[in-house]
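Student: Heads up, our numbering is the position in the sequence shown plus 13, with the first residue counted as 1.
Among the hints, erroneous ones may be present.
Said to hold, decoys possible - Only pairs whose alpha carbons sit at most 20 Å apart, straight line, appear in this in silico DMTMM-like list of lysine to aspartate or glutamate:
no.	residue 1	residue 2
1	155	174
2	85	328
3	85	256
4	85	72
5	49	117
6	49	72
7	85	45
8	212	174
9	143	127
10	85	106
11	155	120
12	143	228
13	85	307
14	85	285
15	85	258
16	212	235
17	85	111
18	155	130
19	143	328
20	49	106
21	143	201
22	143	171
23	85	246
24	85	319
25	85	41
26	212	246
27	85	228
28	155	117
29	155	127
30	85	146
31	212	236
32	49	90
33	143	120
34	85	284
35	85	345
As the list claims (entries may be wrong) - Label pairs and their computed distance ranges (CB to CB):
no.	residue 1	residue 2	range
36	307	106	18 to 28 Å
37	423	375	23 to 33 Å
38	270	165	54 to 64 Å
39	307	394	22 to 32 Å
40	362	383	35 to 45 Å
For the record, the hints were derived by calculation from the structure and aren't laboratory data.
Yeah, the Cβ is synthetic: ideal placement off N, Cα and C, and Gly gets one too.
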Amino acid sequence: MRDGSLPDVTTTTSRLFLARLAGLGVFDTQGDQMGKVRDAVVVLRIGGNAPRLTGLVVEVPPRRRIFVPMTKVTAIDAGQVIVSGTVNLRRFEQRRNESLATAELLDRSITLRDSGERVQVVDIGVAQTKSREWLVDSLFVKRGGSGLRRRGERFLVEWGEVSGMSLPEEAQPAEQLLATLDQLRPADVASLLHNLVPKRRLEVARELDDERLADVLEELIDDDRVEIMQALDRERAADVLEEMDPGDAADLISDLPPEQAEFLLEEMEPDEADDIRRLLAYDDFSAGGMMTTEPVVLAPDASVAEALASIRNPDLPPALAAQVFICRPPTETPTGRYLGTCHFQRLLREPPSTLVSSLVDTTINAVRPDTPLGDVTRNFAAYNIVALPVIDEDDHLLGAVTIDDVVDHMLPEDWREEVGNG
Numbered sequence: 014m015r016d017g018s019l020p021d022v023t024t025t026t027s028r029l030f031l032a033r034l035a036g037l038g039v040f041d042t043q044g045d046q047m048g049k050v051r052d053a054v055v056v057l058r059i060g061g062n063a064p065r066l067t068g069l070v071v072e073v074p075p076r077r078r079i080f081v082p083m084t085k086v087t088a089i090d091a092g093q094v095i096v097s098g099t100v101n102l103r104r105f106e107q108r109r110n111e112s113l114a115t116a117e118l119l120d121r122s123i124t125l126r127d128s129g130e131r132v133q134v135v136d137i138g139v140a141q142t143k144s145r146e147w148l149v150d151s152l153f154v155k156r157g158g159s160g161l162r163r164r165g166e167r168f169l170v171e172w173g174e175v176s177g178m179s180l181p182e183e184a185q186p187a188e189q190l191l192a193t194l195d196q197l198r199p200a201d202v203a204s205l206l207h208n209l210v211p212k213r214r215l216e217v218a219r220e221l222d223d224e225r226l227a228d229v230l231e232e233l234i235d236d237d238r239v240e241i242m243q244a245l246d247r248e249r250a251a252d253v254l255e256e257m258d259p260g261d262a263a264d265l266i267s268d269l270p271p272e273q274a275e276f277l278l279e280e281m282e283p284d285e286a287d288d289i290r291r292l293l294a295y296d297d298f299s300a301g302g303m304m305t306t307e308p309v310v311l312a313p314d315a316s317v318a319e320a321l322a323s324i325r326n327p328d329l330p331p332a333l334a335a336q337v338f339i340c341r342p343p344t345e346t347p348t349g350r351y352l353g354t355c356h357f358q359r360l361l362r363e364p365p366s367t368l369v370s371s372l373v374d375t376t377i378n379a380v381r382p383d384t385p386l387g388d389v390t391r392n393f394a395a396y397n398i399v400a401l402p403v404i405d406e407d408d409h410l411l412g413a414v415t416i417d418d419v420v421d422h423m424l425p426e427d428w429r430e431e432v433g434n435g
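Input sequences plus hints: build the corresponding full structure.
Tutor: Okay, structure coming up:
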């Protein structure tokens, strides 16, 4: 234990104290305020497994509370929270396995393991792990004061030094298994889920957070992921689809009954649903059917420094992080006129202030969305690339096919099941 005063909010995103986040302004990367933090969402776990911080409850005008995943939080600096990417504005609804840090966990009575003494939680410290999860690692607590108006001693304890903030073993039957999945890659989790009985598979899937479940669904065989998607409530299913790569989401939507597929598309954010609708219009084994609509796109006046920052995003698959596509505004697909590609190796060799427009590679022939798989494959072989731009007849960038997409479509349909049983 370490004695001390109540800690301030850290100015980096490697460690946070949750009580001090309440009331902070939330801003997008352009500096526009979205709202204010009202609480933090924590998932308690069984045994000695530390609770997991999954996101923030943010109040946006007009007095609507939404959920912002921690994966969208890029910085907490100078008393403000910076959020990147698209945020779902659907009203926040607390799920069965979630607790609100300020409303439910502060002032909770817990026990010090070494002495058996009861103390109260004043604040909750969380830290980011190597796998980019946020786990509770410390608690700021207070002893009960003695005598009139006497304030109890306050001090910091490590998570392992207390008990009373975990779920009982019987509270969540899937949680024991979930604790073993934290460090596994999505493909390995998918393999494990495939080998579970259906009831257990659905239990585990329901307890995964939206982003993790989205990653796992992208690796599951079609029958398993359709089964899971049909078992989720409509809003949860739409949230998970929004976290998936648009190409994978389109593949999954196409496997669902038409009525359910349309319900989910209507429930999704319009921009996300529009991406999927565009992809559904293409043949599965064409460039349009294989592409992702979310490659890294920059305007020609962007600098090398900006380009490197954009591909440094750890959530980007390696194939998409290998290059940026340069287009006239708008830079969301479908973009303005496609100008060419900048490879990350070239970016590393240039001064940070150099404009990407001077580094554009125009030797790679972009393909049309109706280009068949065979022609796409020959382009990859000819240019030794890992991502191929897809443009329409007016040279607007629609997306990019990655080498991963090509390999997936060249393998037999049941290849995931064979790997899972291997």
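Student: Would you mind marking each hint as holding or not holding in the structure?
Tutor: For each hint, the structure was consulted:
Proximity of residue 155 to residue 174 is assessed by CA-CA distance (about 14 Å); at most 20 Å being required, the pair is judged to hold. This hinted pair checks out: residue 85 and residue 328 have alpha carbons roughly 10 Å apart, not beyond 20 Å. With a C-alpha separation of about 11 Å, the suggested pairing of residue 85 with residue 256 holds against the 20 Å cut-off. Distance hint between residue 85 and residue 72 is fulfilled; the C-alpha atoms sit about 16 Å from each other, no more than 20 Å.
Of the pairs offered as hints, the one joining residue 49 and residue 117 holds, with about 19 Å between alpha carbons and a cut-off of 20 Å not exceeded. For the hint linking residue 49 to residue 72, the alpha-carbon distance of about 5 Å falls within 20 Å, and the restraint holds. At roughly 15 Å between alpha-carbon atoms, residue 85 and residue 45 fall within 20 Å of each other, so this suggested pair holds. Distance check on the hinted pair: residue 212 and residue 174 sit about 35 Å apart at the alpha-carbon level, beyond 20 Å; violated.
With a C-alpha separation of about 29 Å, the suggested pairing of residue 143 with residue 127 is violated against the 20 Å cut-off. Taken as a hint, the residue 85 and residue 106 pair is honoured in the structure, with Cα atoms around 18 Å apart against an allowance of 20 Å. About 9 Å separates the Cα atoms of residue 155 and residue 120, which keeps this hinted pair within 20 Å; it holds. Of the supplied pair hints, the one linking residue 143 and residue 228 holds, its CA atoms being roughly 17 Å apart against a limit of 20 Å.
For the proposed pair residue 85 and residue 307, the alpha carbon gap of about 16 Å is at most 20 Å, so the pair holds. With a C-alpha separation of about 16 Å, the suggested pair residue 85 and residue 285 falls inside the 20 Å cut-off, and the hint holds. A distance of roughly 16 Å separates the Cα atoms of residue 85 and residue 258; the hinted pair therefore holds under the 20 Å criterion. A distance of roughly 17 Å separates the Cα atoms of residue 212 and residue 235; the hinted pair therefore holds under the 20 Å criterion.
Taking the CA atoms of residue 85 and residue 111, the gap is about 19 Å. The hint holds against a cut of 20 Å. For the proposed pair residue 155 and residue 130, the alpha carbon gap of about 11 Å is at most 20 Å, so the pair holds. Simply put, residue 143 and residue 328 have alpha-carbon atoms about 13 Å apart, close enough for the 20 Å limit, and the pair holds. The suggested pairing of residue 49 with residue 106 holds, with an alpha-carbon distance near 17 Å, which does not exceed 20 Å.
With a C-alpha separation of about 18 Å, the suggested pair residue 143 and residue 201 falls inside the 20 Å cut-off, and the hint holds. This hinted pair checks out: residue 143 and residue 171 have alpha carbons roughly 19 Å apart, not beyond 20 Å. Restraint check: the Cα-Cα separation between residue 85 and residue 246 comes to about 23 Å, which exceeds 20 Å; the hinted pair is violated. Taking the CA atoms of residue 85 and residue 319, the gap is about 19 Å. The hint holds against a cut of 20 Å.
Restraint check: the Cα-Cα separation between residue 85 and residue 41 comes to about 10 Å, which is no more than 20 Å; the hinted pair holds. A hinted pair counts as satisfied when its Cα atoms are at most 20 Å apart, and residue 212 with residue 246 qualifies at roughly 16 Å. For the hint pairing residue 85 with residue 228, the CA-to-CA distance comes to about 16 Å; that is within 20 Å, so the pair holds. About 17 Å separates the Cα atoms of residue 155 and residue 117, which keeps this hinted pair within 20 Å; it holds.
About 16 Å separates the Cα atoms of residue 155 and residue 127, which keeps this hinted pair within 20 Å; it holds. At roughly 12 Å between alpha-carbon atoms, residue 85 and residue 146 fall within 20 Å of each other, so this suggested pair holds. This hinted pair checks out: residue 212 and residue 236 have alpha carbons roughly 14 Å apart, not beyond 20 Å. Of the pairs offered as hints, the one joining residue 49 and residue 90 holds, with about 14 Å between alpha carbons and a cut-off of 20 Å not exceeded.
For the suggested pair residue 143 and residue 120, the alpha carbons sit about 30 Å apart, so the restraint of at most 20 Å is broken. Using a Cα cut-off of 20 Å, the hinted pair residue 85 and residue 284 holds, with the two alpha carbons roughly 17 Å apart. Note on residue 85 and residue 345: the hinted pairing holds, with a Cα-Cα distance of about 18 Å set against a maximum of 20 Å. For the hinted restraint 18 to 28 Å between residue 307 and residue 106, the CB-CB distance of approximately 27 Å keeps it satisfied.
A beta carbon spacing of about 28 Å between residue 423 and residue 375 agrees with the range 23 to 33 Å that was offered as a hint. Take residue 270 and residue 165: their Cβ atoms lie about 59 Å apart, and the range 54 to 64 Å holds. Judged by the Cβ atoms, the range 22 to 32 Å given for residue 307 and residue 394 holds: they are separated by roughly 25 Å. Take residue 362 and residue 383: their Cβ atoms lie about 36 Å apart, and the range 35 to 45 Å holds.
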